[in-house]
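Asks: Residue numbers (this note's numbering), protein chains in the order written: chain A, 1 to 319; chain B, 1 to 319.
Fair warning: there could be bad hints in the mix.
Because identical chains cannot be distinguished in the list, a pair is counted as satisfied if it fits within a single copy or across any two copies.
[As the list claims (entries may be wrong)] Derived DSBU-like pairs: lysine-lysine, alpha-carbon spacing no greater than 30 angstroms straight-line:
| # | residue 1 | residue 2 |
| --- | --- | --- |
| 1 | Lys254 | Lys77 |
| 2 | Lys319 | Lys282 |
| 3 | Lys42 | Lys282 |
| 4 | Lys282 | Lys303 |
Simulated from the structure, these hints should not be mistaken for laboratory data.
Predicted model, so just to flag it, every value in this text is computed and none were measured.
For reference, the chains in residue letters:
2 protein chains.
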Amino acid sequence: MCLTSASTPSLVDRLRSGDARALARAISIVENRRPEAVALLKTLFPSTGHARVLGLTGAPGAGKSTLVDQIAKHYRKENQTVGIIAVDPTSPYTGGAILGDRIRMQDHYSDPGIFIRSMATRGSLGGLARTTADVATVLDASGRDLIMIETVGVGQDEVDIVRLADVTIVILVPGMGDDVQTIKAGIMEIADIFVINKSDREGAERVEREIRSMQSLDIRKDGWTPPIVKTVASDGTGTKELAAAIGNYEAYLKNENLLVQKNVENWRERLIEMLRDAMLEKARARITDGALDRYAVEIAEHKRDPYSLVEEIVSGTAK
Amino acid sequence: MCLTSASTPSLVDRLRSGDARALARAISIVENRRPEAVALLKTLFPSTGHARVLGLTGAPGAGKSTLVDQIAKHYRKENQTVGIIAVDPTSPYTGGAILGDRIRMQDHYSDPGIFIRSMATRGSLGGLARTTADVATVLDASGRDLIMIETVGVGQDEVDIVRLADVTIVILVPGMGDDVQTIKAGIMEIADIFVINKSDREGAERVEREIRSMQSLDIRKDGWTPPIVKTVASDGTGTKELAAAIGNYEAYLKNENLLVQKNVENWRERLIEMLRDAMLEKARARITDGALDRYAVEIAEHKRDPYSLVEEIVSGTAK
Chain A
1 MCLTSASTPS LVDRLRSGDA RALARAISIV ENRRPEAVAL LKTLFPSTGH
51 ARVLGLTGAP GAGKSTLVDQ IAKHYRKENQ TVGIIAVDPT SPYTGGAILG
101 DRIRMQDHYS DPGIFIRSMA TRGSLGGLAR TTADVATVLD ASGRDLIMIE
151 TVGVGQDEVD IVRLADVTIV ILVPGMGDDV QTIKAGIMEI ADIFVINKSD
201 REGAERVERE IRSMQSLDIR KDGWTPPIVK TVASDGTGTK ELAAAIGNYE
251 AYLKNENLLV QKNVENWRER LIEMLRDAML EKARARITDG ALDRYAVEIA
301 EHKRDPYSLV EEIVSGTAK
Chain B
1 MCLTSASTPS LVDRLRSGDA RALARAISIV ENRRPEAVAL LKTLFPSTGH
51 ARVLGLTGAP GAGKSTLVDQ IAKHYRKENQ TVGIIAVDPT SPYTGGAILG
101 DRIRMQDHYS DPGIFIRSMA TRGSLGGLAR TTADVATVLD ASGRDLIMIE
151 TVGVGQDEVD IVRLADVTIV ILVPGMGDDV QTIKAGIMEI ADIFVINKSD
201 REGAERVERE IRSMQSLDIR KDGWTPPIVK TVASDGTGTK ELAAAIGNYE
251 AYLKNENLLV QKNVENWRER LIEMLRDAML EKARARITDG ALDRYAVEIA
301 EHKRDPYSLV EEIVSGTAK
């Protein structure tokens with residue numbers, strides 16, 4: 001399988017040597033699904049699998065970005081290189097990231113060891129999780145030691161995104177209402193580590209009690225009990241303890257041989273999603289936009305039933 | 001295309017005559033995607049297109065269910081039959097609806113003119129919107145005059161679900177924090193009508209001002225300015241005004257010929273989703289579960305790149 005773009009080989013070389021501009025360009029190619037994206041990913045894949053991947057999720061206002069910055073600084077002191085993918089809450093209609101790269105980049109501008117990329121929610125369902133995974137592949141191939149994926153914990157999309165991570169950290173804060181807790185119902189179960197951020201605020205003990213009572217009801221099949229770490233990200237309190245908790249869980253995964261198992265399960269899901277996209281592309285190639293418009297009108301006017309039509313398109317007999 | 005189940009014809013007849021048990025059974029067939037589901041939907045589709053479809057969305061605790069009940073009672077007094085699909089917030093891991101059919105059914109038990117069905121969030125992305133659409137098709141074919149789809153407004157899933165509706169109602173309540181408002185960013189833009197429920201609480205005016213200031217920034221391309229209706233669903237206050245607002249918007253859609261246009265756009269999207277599912281099924285038929293497991297292991301161990309593998313599966317050359 002040859003590369004479709006003549007400039008890709010040198011891009012790959014520069015990327016592997018840690019060039020931040022090459023990294024940014026490669027990510028753009030993958031994020032925008034440019035024609036050369038698949039060839040690039042094929043080339044990069046054999047160089048991946050070395051980075052540790054942390055997933056961090058929590059409601060807006062939980063202080064995720066600040067905590068991610070603190071964790072990044074902590075590992076930078078250990079000379080690890082860091083890549084951050086910040087998946088931002090955006091309107092499915094207007095697009096565009098709420099947090100820009102610019103604001104957060106400034107802080108780390110002088111340190112090439114930290115690379116930050118913000119990604120906006122795209123309109124297409126499921127597409128974001130896949131794109132995030134592909135961007136993580138590029139970061140991994142670029143030799144980053146640690147990749148952090150930061151998302152807002154509100155829906156299935158986010159659950160799919162953090163599923164990519166080796167270690168998933170759920171961030172809660174004191175003083176959020178029960179409504180917010182309900183929203184997070186699905187997110188709570190994916191936590192490998194709980195963080196109570198802004199833990200100097202009133203109500204931190206209550207949040208801790210609530211997590212503990214949930215844990216007493218639900219024992220994980222892998223036997224791990226997610227620890228609760230209290231932090232104040234704005235002044236760095238608890239960052240060391242959080243890093244220790246991350247290390248503990250990583251050691252547990254390694255000892256129990258769970259990491260490979262987790263990766264296999266993840267790839268099983270991802271393969272099906274990739275297959276679905278590839279097949280859809282194949283199907284879309286069979287119908288022109290004009291035909292699609294005509295079909296939609298015929299169905300809306302009830303002159304045609306969509307269930308038979310789809311079968312006809314798949315079998316190549318649609319008129 | 002013949003029906004795959006011998007019992008389906010009589011089920012269809014009973015369904016069309018308004019039999020609630022036949023309706024419940026037909027919905028189960030569609031919801032669980034049983035083998036006879038597609039044949040059933042094909043048979044039913046020509047009888048659809050008569051029901052009005054309302055979509056209602058809002059955060060947990062906004063009082064959606066109570067409001068939906070009040071609207072149902074209102075239209076029952078006008079002798080319209082009502083079908084309610086309540087899409088419940090559930091964990092993607094444990095499944096199962098939080099609100100059961102049972103609790104809410106009791107209230108309307110004696111009235112066969114109201115049919116309520118709760119649906120749980122399924123694990124698969126995008127699947128819920130499609131299933132909801134298919135369930136609405138069944139309710140429509142059963143002769144219900146009004147279909148209400150009630151969802152929790154937190155993510156792309158819900159946006160896709162309410163897109164099915166002719167009229168989308170976004171329910172807000174006073175006293176929810178800014179965090180919740182952020183979460184709802186995408187939901188705000190899909191409102192044809194805003195409801196401020198629990199409007200006897202402090203802060204209702206503030207919510208109204210916030211909506212107005214958002215509206216002043218963003219003018220809809222169809223020229224409609226969503227009205228704001230204040231309700232207290234628990235005692236029925238504002239239900240009449242809400243019904244009037246619904247009627248106004250429906251008249252507007254009819255006068256401007258927007259309803260057909262909305263349906264065409266909706267079917268364009270749905271066709272692509274249905275096509276994607278159908279093509280995935282075709283692709284899945286090409287690989288056994290055993291092969292999928294083996295592929296996942298090979299990729300997780302970095303012995304194989306997934307991007308090439310997917311191309312090979314699609315072209316039928318994967319080994």
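Asks: So, for every hint listed, does it hold in this structure?
Replies: Hint check results:
1. Lys254 to Lys77: within (24 angstroms within a copy, 65 angstroms between copies)
2. Lys319 to Lys282: Close inside one copy (18 angstroms) and across copies (21 angstroms); limit 30 angstroms.
3. Lys42 to Lys282: Answer is both: 20 angstroms inside a copy and 25 angstroms across each meet the 30 angstroms cutoff.
4. Lys282 to Lys303: The answer is both: 26 angstroms in one copy and 27 angstroms across copies each meet 30 angstroms.
Consistency with the previously given hints is maintained throughout, with no hint failing.
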